[in-house]
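Please put together the full structure from these sequences, using the hints given.
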Amino acid sequence: MSWRMKKLINKPENLAWELLEGLVDAYSDHLQMVGDHIILRRHPKPKGKVQIVFGQGSGHEPGLNGFVGYGMHDVEVAGQIFACAGPDRILEGIQEAHRLSGGGEVLVLISNHEGDVINGTAAVEMARDEGINVESIVLYDDIASAPKGEETNRRGMAGLFFSFKAAGALAEEGTDRKRIMETVQKVIDRTRTLAVAVRPCTIPTTGQPLFELADDELIIGPGVHGEAGPEGPSKMMSANEVMDIVLDKLIVDGEFKAGDELLVLLNGCGATTLMELFILFRRLKENFEQRGMEYYRPLIGNIVTTQEMGGFSLSLCKADEGIKRLWDAPADTPYFKVCK
Amino acid sequence: MPLEKVNKEQFKTILGNISAAVAREKEHLTQLDSHIGDGDHGFGMANGLRIGFEKVRQTSGGSIEENLKTIGFSLIKEVGGASGTIFGSLFLGMAKAAKGREEITLADFCAMLSEGLALVQQRGKAQPGDKTMIDAVHPALASLKQSLAEGIPLVEAFQRAAQAAQAGAEQTKTMIGKHGRAKYFREKSIGYQDAGATTMAVMISTIASSLASMDA
Chain A
1 MSWRMKKLIN KPENLAWELL EGLVDAYSDH LQMVGDHIIL RRHPKPKGKV QIVFGQGSGH
61 EPGLNGFVGY GMHDVEVAGQ IFACAGPDRI LEGIQEAHRL SGGGEVLVLI SNHEGDVING
121 TAAVEMARDE GINVESIVLY DDIASAPKGE ETNRRGMAGL FFSFKAAGAL AEEGTDRKRI
181 METVQKVIDR TRTLAVAVRP CTIPTTGQPL FELADDELII GPGVHGEAGP EGPSKMMSAN
241 EVMDIVLDKL IVDGEFKAGD ELLVLLNGCG ATTLMELFIL FRRLKENFEQ RGMEYYRPLI
301 GNIVTTQEMG GFSLSLCKAD EGIKRLWDAP ADTPYFKVCK
Chain B
1 MPLEKVNKEQ FKTILGNISA AVAREKEHLT QLDSHIGDGD HGFGMANGLR IGFEKVRQTS
61 GGSIEENLKT IGFSLIKEVG GASGTIFGSL FLGMAKAAKG REEITLADFC AMLSEGLALV
121 QQRGKAQPGD KTMIDAVHPA LASLKQSLAE GIPLVEAFQR AAQAAQAGAE QTKTMIGKHG
181 RAKYFREKSI GYQDAGATTM AVMISTIASS LASMDA
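Chains A and B are the protein sequences, given in the same order. If you count the first sequence from 1, position 323 lands on 323 in the numbering used here, and the numbers rise without skipping. If you count the second sequence from 1, position 133 lands on 133 in the numbering used here, and the numbers rise without skipping.
The set of hints was computed from the structure by calculation and includes no laboratory data. Watch out, some of these pointers could steer you wrong.
[Stated by the list, open to error] Restraint-style ranges between C-beta atoms, simulated for each label pair:
hint	chain 1	residue 1	chain 2	residue 2	range
1	A	Ser238	B	Gln127	40 to 48 Å
2	B	Arg57	A	Asn133	36 to 44 Å
3	B	Met214	A	Glu13	25 to 33 Å
4	B	Glu27	A	Gly131	39 to 47 Å
5	A	Gly48	B	Ala167	57 to 65 Å
6	A	Glu173	B	Lys178	39 to 47 Å
[As the list claims (entries may be wrong)] Here are some, though not all, of the chain A residues that point toward chain B, as calculated from beta-carbon distances under 7 Å:
hint	residue
7	Glu13
8	Phe82
9	Cys84
10	Ala85
11	Gly86
12	Asp88
13	Asn119
14	Ser145
15	Thr205
16	Gln208
17	Leu210
Quick reminder that beta carbons are idealized off the backbone N, C-alpha and C, glycines included.
Structure representation (structure tokens):
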């Protein structure tokens, strides 16, 4: 396969830093940068409330560095492209959170990927050695990455957004960390995600395709970095066909049933148009109606992308009144807002 | 008189050679990583080593311990992900064992790699056979220890260790990935050589060739 990258970048070595600087420059009313590219809220929440820290690789914009702000994250430590920040920078983020909370509780949310877990865990240990009051929780949602029954081995994907929203809303209200962690675990237990890739992206640092896929094929269950799904490629299919397959798998795994009300995140991977996402959503509605299931305030768009990868991920979370209230809670970040 | 030890300057040369060798192999390593990883291993490692060695070069008075630390922290900071921290930990562990050493003998190399491997395992929780860089460093260390016990000179010992590391890296083709992104490929990861183990083999081979040229 011939492949030529066409991206508007400068030096590949600098691109993670340059994108973060551009983001903060553009949204300086929401964000500020301190130390080694640590992103904080421009208007931190009052001291004494739990500070939420998140770190992950760059290259998934606007996820998740675009979601720092009121009702969401307090501190974001973004690493290189697709690579979580090292423990030294995550520690720096935790130290900032400690300062902002006035020595109060800090919570680090970790997406379940090897680097994120190794580095996040190391940073939390280092912070505790300094006397910082910090806990972490590892989040996962991708049903393609490990079978049912091995949920904690699953990867973190776009469905973590439900957890981030719940954690951010609770922290903003002044809820203590123990309660936030219990709620986040409850949201994770009720969340399932499955992705579909129709076209690979190029890795911006190397110019190479992240994976290979024939023109007439798609992959059900790729990771957020295009890692192949357990089933390998399938022949290309229509929006309705692929949505039905994805829903079948999610609903079986999540044990969702008639009468359930679900949060829905239909996430574009980068190159898939809103046109396609709306066509896919239309089928979701039909499918839900047949099953007697309902959705609650769906979110549709490019939330966690993988460069210009074509495809989508669908995340479902079985809601209750508490989860719905947190989903509805106000948020004000550069790329995600919920009005009061 | 065969080479028995290397001094601070010679050790610095070895570090520079490692950085250059990984940069030369960048494309190959990245290509290996593209099958069962996220396809940027070579790029990340080369970049982290380049920045680390540049700092080592600029601080001319640094001890062996300090120079290893500089490389280790640069890998952790600049590469990130699992590989930055894992390879960074290897260098930091080696630095710990090199504390106070003005010269490095075969026994010192053994102690340094043991300490490095211990820190890698503490961080990454991987065992031999899990299809990681440990599958190259573990046999290399075993070979060095055997050479030490048998009184084999430094240059020859590292030539044997380099062969063991390369064989170990190739052996990863037969293994099922248990860590990182390779884990999600399960049985499908068989047939692909681990990029981290390959980088480790490149590093050990570079130490071997550097020592051989110093022995001339």
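Quick rundown of the hints versus the structure:
A hinted range of 40 to 48 Å holds for the C-beta pair A/Ser238 and B/Gln127, which are about 46 Å apart. The hinted range of 36 to 44 Å is satisfied by B/Arg57 and A/Asn133, whose Cβ atoms lie roughly 41 Å apart. Against the hinted window of 25 to 33 Å, the Cβ-Cβ separation of B/Met214 and A/Glu13 comes to about 31 Å, which satisfies the hint. Under the hint 39 to 47 Å, the C-beta atoms of B/Glu27 and A/Gly131, about 46 Å apart, fit the expected range.
Under the hint 57 to 65 Å, the C-beta atoms of A/Gly48 and B/Ala167, about 58 Å apart, fit the expected range. For the pair A/Glu173 and B/Lys178, the beta carbons lie near 41 Å from each other, so the given range of 39 to 47 Å is met. Among the interface hints, the one on A/Glu13 holds; its C-beta lies about 6 Å from the nearest C-beta in chain B, closer than the 7 Å criterion. At about 5 Å, the closest approach between the beta carbon of A/Phe82 and any beta carbon in chain B falls short of 7 Å, and the interface hint on this residue holds.
Because the beta carbon of A/Cys84 sits about 5 Å from the nearest beta carbon in chain B, less than 7 Å, this interface hint is met. At a threshold of 7 Å, the smallest CB-CB gap from A/Ala85 to chain B is about 5 Å, leaving the interface hint in force. Given hint, A/Gly86 at the interface with chain B, holds; its Cβ is 4 Å from that chain's nearest Cβ, closer than 7 Å. Because the beta carbon of A/Asp88 sits about 6 Å from the nearest beta carbon in chain B, less than 7 Å, this interface hint is met.
A hinted interface residue such as A/Asn119 counts as satisfied when its beta carbon comes closer than 7 Å to some beta carbon of chain B; here the least separation is about 5 Å, so the hint holds. For A/Ser145, the suggested interface contact is upheld, since its CB lies about 5 Å from the closest CB of chain B, less than 7 Å. Checking A/Thr205 against chain B: minimum C-beta separation of about 5 Å stays under 7 Å; hint holds. Given the 7 Å rule on beta carbons, the hint for A/Gln208 holds: about 6 Å separates it from the nearest Cβ of chain B.
A cut of 7 Å between beta carbons decides the hint on A/Leu210: the least distance to chain B is about 6 Å, and the hint holds.
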